[in-house]
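Novice: Could you build all of it, start to finish, from the sequences and the hints given here?
Chains as they are written, first to last, in the numbering used here: chain U, 1 to 394; chain F, 1 to 394; chain P, 1 to 356; chain L, 1 to 356.
Heads up, a few of these hints could be off.
[Said to hold, decoys possible] Below, in silico cross-link-like pairs of lysine-lysine (DSSO-like), each with a Cα-Cα straight-line distance of 30 Å or less:
#1 L:K31 x P:K309
#2 P:K355 x L:K31
#3 P:K98 x P:K110
These are calculated hints, taken from the structure and not from any lab test.
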Amino acid sequence: MPKKYDTPMLDELEKGQFPSFVTEMKKAAAKTDMAADALGQLERCFKDKKTHWKHGGIVGVRGYGGGVIGRYSDIPQDFPNVAHFHTVRINSTSAYFYTSKFLKEMCDIWDKYGSGLTNLHGSTGDLVLLGTKTEQLESIFAEFSSRGWDLGGSGSALRTPSCCVGPARCEWANIDTLDINYSITQEFQDEMHRPAFPYKFKFKTVGCAVDCNASIARADCSIIGTWKGKIAIDQAEVANYAKKGLNIADEIVGMCPSKCMNYDDKALKIDDANCVRCMHCIAKMTKALKPTGEKGATILIGSKAPFVIGATLSWVIVPFIKMDAPYTELKDLVRKMWEWWDEHGKNRERIGELIIRRGMREFLEYIGIDPVPQQVKEPRRDPFYFWTEADLQK
Amino acid sequence: MPKKYDTPMLDELEKGQFPSFVTEMKKAAAKTDMAADALGQLERCFKDKKTHWKHGGIVGVRGYGGGVIGRYSDIPQDFPNVAHFHTVRINSTSAYFYTSKFLKEMCDIWDKYGSGLTNLHGSTGDLVLLGTKTEQLESIFAEFSSRGWDLGGSGSALRTPSCCVGPARCEWANIDTLDINYSITQEFQDEMHRPAFPYKFKFKTVGCAVDCNASIARADCSIIGTWKGKIAIDQAEVANYAKKGLNIADEIVGMCPSKCMNYDDKALKIDDANCVRCMHCIAKMTKALKPTGEKGATILIGSKAPFVIGATLSWVIVPFIKMDAPYTELKDLVRKMWEWWDEHGKNRERIGELIIRRGMREFLEYIGIDPVPQQVKEPRRDPFYFWTEADLQK
Amino acid sequence: MAAPQRRTDIGPPHYKDFLPPVIQKNYGSWKYHEVISGGTMVHVSNSGDKIWTVRVASPRLLSTDTIRDMADIAEKYCGGYIRFTTRNNAEFLVSDEKNIEPLQKELKQKGYLSGGIGSRISNIVHTQGWVHCHSAATDASGLVKVIMDDLADYFTTKETPNKVRIAVACCTNMCGAVHCSDIALVGIHRKVPRIDHDSIKNTCEVPSTISACPTGAISPDPAKKSLKINDDKCMYCGNCYSVCPSLPISDPVNDGVAIVVGGKVGSLRSNPKFSKLAVPYIPNNPPRWPEVTTIVRKILDTYIAGAKKHERVGEWIERIGWEKFFELTGLPFTFQHIDDFTIARETFRTASTFKW
Amino acid sequence: MAAPQRRTDIGPPHYKDFLPPVIQKNYGSWKYHEVISGGTMVHVSNSGDKIWTVRVASPRLLSTDTIRDMADIAEKYCGGYIRFTTRNNAEFLVSDEKNIEPLQKELKQKGYLSGGIGSRISNIVHTQGWVHCHSAATDASGLVKVIMDDLADYFTTKETPNKVRIAVACCTNMCGAVHCSDIALVGIHRKVPRIDHDSIKNTCEVPSTISACPTGAISPDPAKKSLKINDDKCMYCGNCYSVCPSLPISDPVNDGVAIVVGGKVGSLRSNPKFSKLAVPYIPNNPPRWPEVTTIVRKILDTYIAGAKKHERVGEWIERIGWEKFFELTGLPFTFQHIDDFTIARETFRTASTFKW
Ligand code: SRM
Ligand code: SRM
Ligand code: SRM
Ligand code: SRM
Ligand code: SF4
Ligand code: SF4
Ligand code: SF4
Ligand code: SF4
Ligand code: SF4
Ligand code: SF4
Ligand code: SF4
Ligand code: SF4
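Specialist: Structure, rendered in structure tokens:
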């Protein structure tokens, strides 16, 4: 029977409508010593208004340089069962589809070797197993890998790629997000498991500009599905929407960012050449509007959290690229990017920061992409710029 | 009789509809040796595709540190009369109003002591006398100052302030631009004539946000007239504009940046609380619309040319300030700004650059202005910021 | 039980093995969807097949007991198929219409909270907090719980003008999408890191610690074989502590929470936007952070009252102007709101066009 | 003639002494104005008084002969009153309606070009160029002349969708409002400054030269008691030459002209905007720079064909998108167009919303 702690502050967080993480911790605490001590220490954190975790050291499984986050308590004397409390990152499936069979197996393993606490999922997209001891890591890895599962990324490595639900259950997917995500993950296993980059690298793939995976905000490489062609209009469905009370003039035409729509109470028209494919009209009138023509993706690079130079959003590198399996063009492009980053990146410098530091030209030239206006919101202001000898000869 | 040069290239620039500066130079060249050599050297520049002027040394009049730009030819052997070719900056009148009497006197003096070439006006706003020799400077100064005229600014000093035509001939002036301009100029004579700032400082005053003096782009301190109150609407005149073919829905209401206008083919309405006072509707329907209420100015700081960190536009420091003569509040504020700039500014650092370097807080606290949302387009993104001990105590 | 045979570099299993048959059949061929209620929607394929999704909230931090229970429910009504969303909700994938009602009933009876679909508030993307991270300036799960308790009606039934995406990160490393969320909370410090001169030589790499500082506040202290911090330049971001354990920065009295608002990631109507600072600091007041929930509620209410249909928080604010945002919410505008970081000048108001 | 008595710090004369009587009387009390023709307008005061303005082009560089002639004309028709505009045109201020026609006639007959009022192209704000500046990478007056010759019809009679403000600066010090103009030309260099090691110690202050370099390309060369320039970092801006005469940068073969577009300073409809790079380089081809006038004309024609009434160049481009601007004008998009200076990242396209 694990030790029980008084948790008056945390108990307050079992009240209220929303499901309580404290209840979850208590459930696990009833079963494992680790979860019990985790709960006890958390109560202490609430009381002290500070974290009681220390910086992690390097722990992991044989042959891998990542996939486990080391974590130690700073008050192990009080909570000995979380003296070690490492996290194991299991590489999730594309778009987080599971079978009950797998989930139950996973629970069995985790109750046996770990705290019984999980995160479904971590922010990057791993199936996060929260809290175990160093000596359990090899067993956990053997249990999972023998069943066909592998660890995700951590450290200066490729991190677990993730994607939106896309073609599996969404009518707007322009690309096969699940397959791209799977294919990238399989292709770059070495880059994921043996950290050798200047810093972390993340892929996120989404089927359209709605971006249900926040790819543009938190992926070094954001792959966003799009199309080249017309938006097909089913005028009967347009009429239906109007009948059901959609104010097409205000809610659709009036909110179109490129002002390329027209509606005269009879027919809706779109000037496709001026559409920026923002997805608003399509999302709000899904039965009436459908992109047609060539499908592919826009590749954007560089988003990340604020350190060191401030938060960034990914920006366009390749406006359009076909995305047919096995995605060789994309993979080759990514390898080129990594080569350049490996060569010039400083320790803890993300690829986007490096591009900002050394300039788009060097990056684009290295990866063999031409400059196009789609890469910028607007051209530069100040007329100071570099010329190469080749430019001058021209 | 001044020497005559062949100017085949420049002669090409006497062709065409627009008045020719070459013709002007030839007129002067017929009278003065200096203008003749200036013309000859210019032809050489056209042929060589490069300037033949050298860096200027420090020249000036007794007791002043500015007002004259030294200039020397790099081929004085070929053009001895422009071996020296200094520029004298005469402080122009507010809004460049002149009498023929003064202009003629000016011409007489200049034919006598200089090249007979002028700029009406320099970009900053001086009446620029183009080209004279060091030994003439005192006489020129005596001639002008004895007639009530003074030199303008140059070097690390206050530069000649300038303003739009404003109340003198414009229905939209919210402030007395000419008087403000005159009053500032008189107040800060010492700052203009004896360079003691870290770098140059420019004032430009305009009567409204139309900004007919480009104040927001090229003044360290931009003073822009505005109002707090309603836009009075003369509906009869509105109807007149409509009758005469103005498409009020498209051209006025549809172009209002704050979308605060409404027109139903009968009456025009403005939601004044949401108007940003952009001046579009007023400019296009001047007979129908008129700002009312309290008049004053917005004070913006910091615009300049691109060196060193890139071009800047001035930004709001004081959203609204009353502008009644003798403008004491403004003058005191400016003195505070200068104090802070003097204390912290590096050599050749404009005040705007200094604010960017040290942060708005330090600047605003020093000059005693509160932070208000009107000073920013949007609040900061990245949540890293300073706290003072006083903040923490609060 | 003998240890099973480990394998390496196999990657995750193929996703096809986890897709319900109706999805396998209609993969990439969905025609449209309809939102049936706050927690249920149906997708219809070109073939006419349908799949219903019943979404329930999850605290994300799940015990194996709860996961087993979800798996049981999935077996009962969904052929064993279940998925999780990118915002950590669980989705029961139903192929047979007649299973929906019993499923919803069982979920309700077991206390699951169904919702998050459509123009509503969905789950809060968040991070480890005091549950697991050494870097946390506040707790994450606790904040999520108190905010979602307060706003639960907007998860289940009530609508907002458009989706409202809330995020929480426990420090400025921002392991969530805080920097692009409609409303987000982030843990911050307000004191200069303390320097443990004794341990520094063994635990920290000096050059990377120095270059971790965004403001260049850190320099070597050769005398002490340690580091120096220029207090005037330090803005308490904590990045030095991320790379050097000997620079602890957490401080129970001065740590707390900042609120940023108006970000988004989708491109609908307007481009992706960064969140911007609304409230620079609220003290940590666990377990229920009442000041935080009050302010979040105030911001949300103001948005709901003022926004047009389909406007996201950031779109609404940009339409009315930030000056009106501060006026309408009653939040004070302080020196902290004025940027002084890398792109500060791009945020300054370079026009006299604003509202009084 | 004995030298007159000098006076100091008296400032300019009072403006009132230079205002025509009708302006003095109606000062601050103007009611409205009407544009009568490309070169004539009338302002009407609340009292009913009127003042007519007849505007003529000026090359700005004026000889005393021409100024005297203008003064004579002003005496004849304007009671001696004349003013100059902020864009260097001359304005004859007429109080008596019957003087207008004779004035216009005399101006025409003497070859003055009347225009610039209303939705037209007004005079080009410009700088010294080879006429007077040591820093000039191109000539200013020459460029102004050839462009205005080409576009003179738009000064006198033809209309543009809104005012088109053109500027010319002969180097990147930009002594005009180049950085915020509808269309502007700026002289640029394309080679690293040469270092005159011999003269440098006498002519240059080392620290200010080093800090003048926006990219940090300059460092001391203690061996030579001189400076070093890192060629890879130099972007040929010429600022070092501004502070140090021993770093000449001008180069007849590689100097030339860049074109920037889309800037404005007024707040009407949209906020003040910076100009952005349209053409990175056109060789200096005096005396008439035919490549420059062709491209300026092309940009202008495309604007006139595409803009809505009242749209400024920058507003038109922002509506259609920069990708369309390059497509419609046929101007090539090059590496030089992509910013790599201080706020580069703010110009990157952080959205997948663009036009093909
Ligand atoms: C577990 C997780 C948060 C969560 O609760 O979900 C997490 C937790 C940590 N992150 Fe993170 N990050 C997690 C997703 C993210 C994300 C979001 C994403 O990936 O979509 C970001 C923002 C996007 C980005 O990559 O910039 C993120 C940005 C950071 C950063 C800042 C990186 C930067 O370039 O600025 C750090 C600092 C670092 O790398 O030293 C960091 C560091 C950390 C460390 C390893 C703490 C540290 O300083 O060493 C945290 C370990 C906590 C622990 O003890 O469990 N974490 N981290 C997420 C990973 C779970 C998973 O694998 O699924
Ligand atoms: C004469 C004039 C151009 C003209 O043809 O009209 C001019 C001419 C010079 N400017 Fe200027 N500037 C002139 C208005 C401007 C303006 C426009 C304005 O004032 O509205 C600007 C841009 C706004 C600004 O202040 O930033 C301007 C920005 C510069 C700069 C860049 C300053 C900076 O902070 O980046 C320099 C470089 C310097 O100061 O060393 C400069 C330097 C110069 C020097 C003194 C050259 C030098 O490097 O020493 C030029 C002397 C030329 C000559 O030989 O005659 N000039 N200069 C203008 C002054 C006439 C007058 O007094 O009326
Ligand atoms: C299930 C999920 C994808 C997944 O792979 O897991 C998903 C699924 C759908 N999203 Fe999403 N979105 C999901 C995360 C997102 C995200 C990412 C995020 O929140 O981090 C965004 C971007 C938010 C942003 O811009 O900041 C997102 C912005 C949208 C929007 C755009 C809303 C807007 O107008 O700004 C739509 C379109 C709409 O609602 O009209 C949309 C629409 C949809 C549709 C209707 C797409 C479809 O046709 O199937 C799906 C059901 C909508 C719903 O839940 O209301 N989804 N959706 C994610 C559910 C998260 C959750 O549990 O709540
Ligand atoms: C005379 C002058 C002021 C002065 O003190 O000298 C002046 C005078 C008037 N301006 Fe201006 N503006 C003058 C320079 C400017 C400038 C500054 C500049 O060009 O450097 C601007 C800002 C340009 C910009 O935004 O980049 C300017 C932008 C305007 C506008 C706004 C146009 C727009 O919609 O963007 C108006 C309003 C309009 O035309 O409807 C305007 C309107 C006017 C009115 C109608 C104001 C009035 O009611 O009297 C005046 C006559 C208009 C005309 O010429 O068409 N004036 N005007 C300047 C004449 C310069 C010239 O010779 O052409
Ligand atoms: S990003 Fe697009 S394709 Fe993917 S789930 Fe969202 S709406 Fe569907
Ligand atoms: S997708 Fe967006 S830009 Fe295109 S027509 Fe629809 S609303 Fe307009
Ligand atoms: S800035 Fe305003 S007040 Fe001054 S001249 Fe222009 S329109 Fe008139
Ligand atoms: S001044 Fe500008 S913002 Fe105000 S009502 Fe007129 S057009 Fe709209
Ligand atoms: S946001 Fe900071 S404190 Fe929270 S999990 Fe990430 S690194 Fe740890
Ligand atoms: S807390 Fe941030 S600003 Fe302060 S010293 Fe550390 S890294 Fe630098
Ligand atoms: S722009 Fe440059 S070259 Fe032209 S006058 Fe100004 S400083 Fe001289
Ligand atoms: S030309 Fe400009 S970039 Fe090159 S060394 Fe000189 S100041 Fe630096």
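Novice: Evaluate each hint against the coordinates.
Specialist: Here's how the hints hold up against the structure:
no.	hint	verdict
1	L:K31 x P:K309	violated (42 Å)
2	P:K355 x L:K31	holds (26 Å)
3	P:K98 x P:K110	holds (20 Å)
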